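Peer 1: Listed here are the chains, written in short residue letters.
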Amino acid sequence: MSHRAFPWFGMDIGGTLVKLVYFEPKDITTEEEQEEVENLRSIRHYLTSNTAYGTTGIRDVHLEMKDLSLCGRTGNLHFIRFPTHDLPVFMQMGRNKHFSSLHTTLCATGGGAYKFESDFRTMADLELHKLDELDCLVRGVLYIDSVITSGPSECYYFENPSDLDHCAQKPYTLENDYPLLLVNIGSGVSILAVYSENNYKRVTGTSLGGGTFLGLCCLLTGCSTFEEALEMASQGESTHVDKLVRDIYGGDYERFGLPGWTVASSFSREPEHRWDLARATLVTITNNIGSITRMCALNENIERVVFVGNFLRVNILSMKLLAYAMDYWSNGQLKALFLRHEGYFGAVGALLGLLHPS
Amino acid sequence: MAECGRVDSNTSSHTMDKSITLPPDEIFRNMENAKRFAIDIGGSLTKLAYYSTVQHKVAKVRSFDHSTKEAAGDKLYEIAVQEEVTARLHFIKFENAYIETCLDFIKDHLVNTETKVIKATGGGAHKFKELIERKLGLKVDKEDEMTCLIKGCNFVLKNIPHEAFVYAKHADSEFRFQTTNPDIFPYLLVNIGSGVSIVKVESEDKFERIGGSSIGGGTFWGLGALLTKTKRFDELLQLASKGQHSSVDMLVKDIYGGSYACLGLTGDLIASSFGKSATADKEFSNEDMAKSLLHMISNDIGQLACLYAKLHNLSRVYFGGFFIRGHPVTMHTITYSINFFTKGEVQALFLRHEGYLGAIGAFLKGAEEDNPNQYSWGENYAGSSGLMSVSPDMNPMQRARSGTFDMLEMDRLDRQLVNLPLLQDPSSYIPDTVDLTEDAQAREYWLSCFEEALDGVVKRAVASQPDIPEAAERAEKFRQKYLHKLQTLRHQPFAYGSLTVRSLLDTREHCLNEFNFPDPYSKIKERENDIALKYYEKAVKSLEELSWEDRQFALVRGVLAGNVFDWGAKAVSEVLESNPEFGFEEAKRRLEDRPWLVDSFDQWLERLKGPPHRCALFFVDNSGVDIILGVMPFVRELLSRGTEVVLASNSGPALNDVTNSELQILTERIAAMDPVIDSALREDRLTLVQDGSSSPCLDLSRLDKVLAMLVRERQTDLVIIEGMGRAIHTNYYAMLSCESLKMAVIKNSWLADRLGGKLFSVVFKYEVPAGKPH
Numbered sequence: 001m002s003h004r005a006f007p008w009f010g011m012d013i014g015g016t017l018v019k020l021v022y023f024e025p026k027d028i029t030t031e032e033e034q035e036e037v038e039n040l041r042s043i044r045h046y047l048t049s050n051t052a053y054g055t056t057g058i059r060d061v062h063l064e065m066k067d068l069s070l071c072g073r074t075g076n077l078h079f080i081r082f083p084t085h086d087l088p089v090f091m092q093m094g095r096n097k098h099f100s101s102l103h104t105t106l107c108a109t110g111g112g113a114y115k116f117e118s119d120f121r122t123m124a125d126l127e128l129h130k131l132d133e134l135d136c137l138v139r140g141v142l143y144i145d146s147v148i149t150s151g152p153s154e155c156y157y158f159e160n161p162s163d164l165d166h167c168a169q170k171p172y173t174l175e176n177d178y179p180l181l182l183v184n185i186g187s188g189v190s191i192l193a194v195y196s197e198n199n200y201k202r203v204t205g206t207s208l209g210g211g212t213f214l215g216l217c218c219l220l221t222g223c224s225t226f227e228e229a230l231e232m233a234s235q236g237e238s239t240h241v242d243k244l245v246r247d248i249y250g251g252d253y254e255r256f257g258l259p260g261w262t263v264a265s266s267f268s269r270e271p272e273h274r275w276d277l278a279r280a281t282l283v284t285i286t287n288n289i290g291s292i293t294r295m296c297a298l299n300e301n302i303e304r305v306v307f308v309g310n311f312l313r314v315n316i317l318s319m320k321l322l323a324y325a326m327d328y329w330s331n332g333q334l335k336a337l338f339l340r341h342e343g344y345f346g347a348v349g350a351l352l353g354l355l356h357p358s
Numbered sequence: 001m002a003e004c005g006r007v008d009s010n011t012s013s014h015t016m017d018k019s020i021t022l023p024p025d026e027i028f029r030n031m032e033n034a035k036r037f038a039i040d041i042g043g044s045l046t047k048l049a050y051y052s053t054v055q056h057k058v059a060k061v062r063s064f065d066h067s068t069k070e071a072a073g074d075k076l077y078e079i080a081v082q083e084e085v086t087a088r089l090h091f092i093k094f095e096n097a098y099i100e101t102c103l104d105f106i107k108d109h110l111v112n113t114e115t116k117v118i119k120a121t122g123g124g125a126h127k128f129k130e131l132i133e134r135k136l137g138l139k140v141d142k143e144d145e146m147t148c149l150i151k152g153c154n155f156v157l158k159n160i161p162h163e164a165f166v167y168a169k170h171a172d173s174e175f176r177f178q179t180t181n182p183d184i185f186p187y188l189l190v191n192i193g194s195g196v197s198i199v200k201v202e203s204e205d206k207f208e209r210i211g212g213s214s215i216g217g218g219t220f221w222g223l224g225a226l227l228t229k230t231k232r233f234d235e236l237l238q239l240a241s242k243g244q245h246s247s248v249d250m251l252v253k254d255i256y257g258g259s260y261a262c263l264g265l266t267g268d269l270i271a272s273s274f275g276k277s278a279t280a281d282k283e284f285s286n287e288d289m290a291k292s293l294l295h296m297i298s299n300d301i302g303q304l305a306c307l308y309a310k311l312h313n314l315s316r317v318y319f320g321g322f323f324i325r326g327h328p329v330t331m332h333t334i335t336y337s338i339n340f341f342t343k344g345e346v347q348a349l350f351l352r353h354e355g356y357l358g359a360i361g362a363f364l365k366g367a368e369e370d371n372p373n374q375y376s377w378g379e380n381y382a383g384s385s386g387l388m389s390v391s392p393d394m395n396p397m398q399r400a401r402s403g404t405f406d407m408l409e410m411d412r413l414d415r416q417l418v419n420l421p422l423l424q425d426p427s428s429y430i431p432d433t434v435d436l437t438e439d440a441q442a443r444e445y446w447l448s449c450f451e452e453a454l455d456g457v458v459k460r461a462v463a464s465q466p467d468i469p470e471a472a473e474r475a476e477k478f479r480q481k482y483l484h485k486l487q488t489l490r491h492q493p494f495a496y497g498s499l500t501v502r503s504l505l506d507t508r509e510h511c512l513n514e515f516n517f518p519d520p521y522s523k524i525k526e527r528e529n530d531i532a533l534k535y536y537e538k539a540v541k542s543l544e545e546l547s548w549e550d551r552q553f554a555l556v557r558g559v560l561a562g563n564v565f566d567w568g569a570k571a572v573s574e575v576l577e578s579n580p581e582f583g584f585e586e587a588k589r590r591l592e593d594r595p596w597l598v599d600s601f602d603q604w605l606e607r608l609k610g611p612p613h614r615c616a617l618f619f620v621d622n623s624g625v626d627i628i629l630g631v632m633p634f635v636r637e638l639l640s641r642g643t644e645v646v647l648a649s650n651s652g653p654a655l656n657d658v659t660n661s662e663l664q665i666l667t668e669r670i671a672a673m674d675p676v677i678d679s680a681l682r683e684d685r686l687t688l689v690q691d692g693s694s695s696p697c698l699d700l701s702r703l704d705k706v707l708a709m710l711v712r713e714r715q716t717d718l719v720i721i722e723g724m725g726r727a728i729h730t731n732y733y734a735m736l737s738c739e740s741l742k743m744a745v746i747k748n749s750w751l752a753d754r755l756g757g758k759l760f761s762v763v764f765k766y767e768v769p770a771g772k773p774h
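Those protein sequences? They're chains G and L, same order as listed. As numbered in full-length UniProt numbering, residues 1 to 358 make up the first sequence, in order. As numbered in full-length UniProt numbering, residues 1 to 774 make up the second sequence, in order.
Heads up, some of the hints might be wrong.
[To be verified] Examples of chain G residues toward chain L, derived with CB under 7 Å:
hint, residue
1, 66
2, 70
3, 73
4, 75
5, 115
6, 224
7, 259
8, 260
9, 267
10, 298
11, 302
12, 332
Bear in mind the hints are in silico, worked out from the structure with no lab data behind them. From a predicted model like this one, the values you see are computed outputs, not experimental measurements. All C-beta atoms in this analysis are idealised placements derived from N, C-alpha and C, irrespective of residue type, glycine included.
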């Protein structure tokens, strides 16, 4: 059986992060092992035996998919990320490890696949096979959801979203049940209506996304990483910065059915602490995405919304807020769904593009 | 420019004199007659509304009794100047810092009010409640903010033509005013205050807040202050207008290296707001951050507005709130956002009196028993400041005003105004032929023309009140006021909506009324009418001697020649005074020979050979020869053909135009000489009706309701519009659903030139709507 030569990579070069998925074959025969060139082995060894690369590369070990059958092979799928501004370091590494000697095709998606195409050529002697990011995203989501693996369910939702303290993650099966609204929150946000694997459209997008959260947090609090910003947000209280309906009306605005806790105006008050600012930024951006998403769902007449993208990584607060916003403002009509591999679907789609060119 | 320092709580009225550029009695006009109050206190501005009565002079004409007729000598009718009381709404906007001194002033001048309550709305209403109650002794009665806003919005959309506009930063004229659509509902109002409220308005009383957002003006202000350490909203906007957002925002090209072509996303599109500031080791300029923030918030609001408009299938979206309030920067970014998200399907609309909506609404809530919504109201150009630009690049004259007081006055009209039912498409009808806001060359000409004519108008005003010694002083005040208006309009042609010859004429009439010159032409009109009446019988007789076909031509020439008589046409008026009969003939001689500049006389003649019209509606123009020797014989012929005639004339005086009450008397006098007119009057085949206006021009979308009813009842199938003001400056392109005849002589050489003709060129435009045999 012929298949693509190893190594199998899929890469998604976004505005902030590069996402890389790597398939590590575990069913290598002795014969294969003898034929495996040194460079290939060295790459495999480097990627699988480390969980951090350089100063900024990270392998999300908890997301690793073990014993995955892909194109007649069995192996583990690894998920690696590093900041886009470190892409030159990555290219240098590829050059050092003589990646180009493997004559493989590197499938890449995301804007960076276009922006850095010539850099890959000149710096790493690599030719990129460019794929559309939304095609990859949809393909990746549907693929990962369809793969049955042991371990936690890929898709989940929050039970009791209106009770922030008692809401709990519950597994959910998408099972290709269309239509879906797919909301990808990266640096910016894209909202897609998906009707089948090959039939989707981009409904709209907003520039108020993960990049805005981090960008504003850096300016307002002096932090420099997403983790730092989230950590501050978790300690803060947004109501110290936001003006609520009850701050204006003393309670609910009954004439229009607005509960007193609704944020009337974000950032309308003098903050006390930096972490309050981080929290308010997070809540504002998240609620805004929720609001636009809800309107799109209504306009497109879609009830299930899948949120993906790296803004949601380790960001349980935003996920709960989104779950709550979808549920509350739609009177339970809309269901917010989340996927464990948050930001990696584009990269997975790129890998699939390598294996099953369409 | 006045320093607008904060007024501390112990100041007395002398502080006010220092800080207000206009004397207080110029601002709080007619306060002694104020009957009812409302106040809208926002974050920085207070809007006060009051209903007051204005006593002013009106000229009335009255026929002499038969018994006293001899005693009256040679006078045709009696002209009496009477005092009349009319209702007026005053709205004043000032900074919250002045609130206390303003309240003191109001208290001192409040004498005739019986009200015990002041309606209040706005976020600051509760903060100043105690102060207002203590100072004025009125009970503050709070009204819901949103309800007031919607009520106010409905009111201005219904009553103020050119209230809404589209903003286009780089166009020849920044403001493109919308024609008044008689059907204002449904619409979406996006109010951008601290937060955003999106309200769907379906009827006068039915509206719903369908959505909103916490990212609004407060977010711009709050976040902007945190990012730039600039505390003032206006300064933040100034910063933003100077910045480059691309240094802070991550654009599509920053991610892709170019555009994302297959999705049609251009490289300059913002992919992630503040996406480039996600770093600890780079400094960003205040200007750039403010700009990025402005874009982020405007785009977000625009996007939400579009999503709501789409979901509710609404195409009219009005934006208001302090974030917008006449700021060109925010109007531009919101407009840009709406265009981007709807690809031009929805237009972002803004309102000239947006800042007053809450105050107007609160006032209306308190005045429900007076039924203000049952009346039509008109913006008084003399008493209203007009739209001020707060753009930093604007000239200093206006900047000085923006920090002080702004006023809007609306007169309650005696009659309810509606559309002419015969307009082909009321929603696209534009009365004015040339929009001077868009045509800079025409604007310059007409502004200068009105400036040059001012001396003559002043002279005429003084002469009209020979027995009143202080008339000269008043006339001088009138001159100053109108001159100032013209200067304002030179700098801000958009101040009162689209600038047109009509609005310039109307503004002049409003200013004349303001200084109690209700009818400067009354005596001249009387004399002209008197002289012309003497020749009526002779004129009719000579027409009757002509063959049918020759007569039809002579009748048209008569109307046109009569229309040459105008006090603007000096050469002709001198002849008229010495020998009217000769003058009339002289005027005919001066008329352009056929073919005329616009000439559909042959078609008209053909039409006359067919069956008579059921009913003709005739909008008449000048007094004297025009109405008596031109129009009346023409009307007589129509009546003889079996066509009913409705003669529409102005309700109030404007220049030498014949008014309805004058025409009543003239028609009676003609009826006494002419059995045709007499029987037509008695049999109701000739009806006189007022048009509801006091303008030398004609707005067919604001006509007396009675006229509209009559037009419908009589099944009017012909509309005749006469004169330069009504048929050329306005309605030249008006499309009617029935036959129409527009007749005018061009008595202005510049306009003649513009239309490709010369002085005394004739416009005879007979039109049959497409798809109708006649």
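Peer 1: Against this structure, judge whether each hint is valid.
Peer 2: Do the hints match the structure? See the list:
1. 66: violated (33 Å)
2. 70: Status violated, d = 28 Å.
3. 73: Violated, because the Cβ-Cβ distance from residue 73/G to chain L comes to roughly 32 Å (cut-off 7 Å).
4. 75: violated (31 Å)
5. 115: Hint on residue 115/G: holds, closest Cβ of chain L at ~3 Å, below 7 Å.
6. 224: Where the cut-off is 7 Å and the nearest Cβ of chain L is about 4 Å from residue 224/G, the hint holds.
7. 259: violated (13 Å)
8. 260: violated (14 Å)
9. 267: holds (3 Å)
10. 298: Nearest chain L Cβ about 6 Å off; hint holds.
11. 302: This hint is violated: residue 302/G lies away from chain L, its Cβ roughly 13 Å from the closest one there, beyond 7 Å.
12. 332: violated (18 Å)
Hints 1, 2, 3, 4, 7, 8, 11 and 12 from the list above are not met by this structure, while the remaining hints are.
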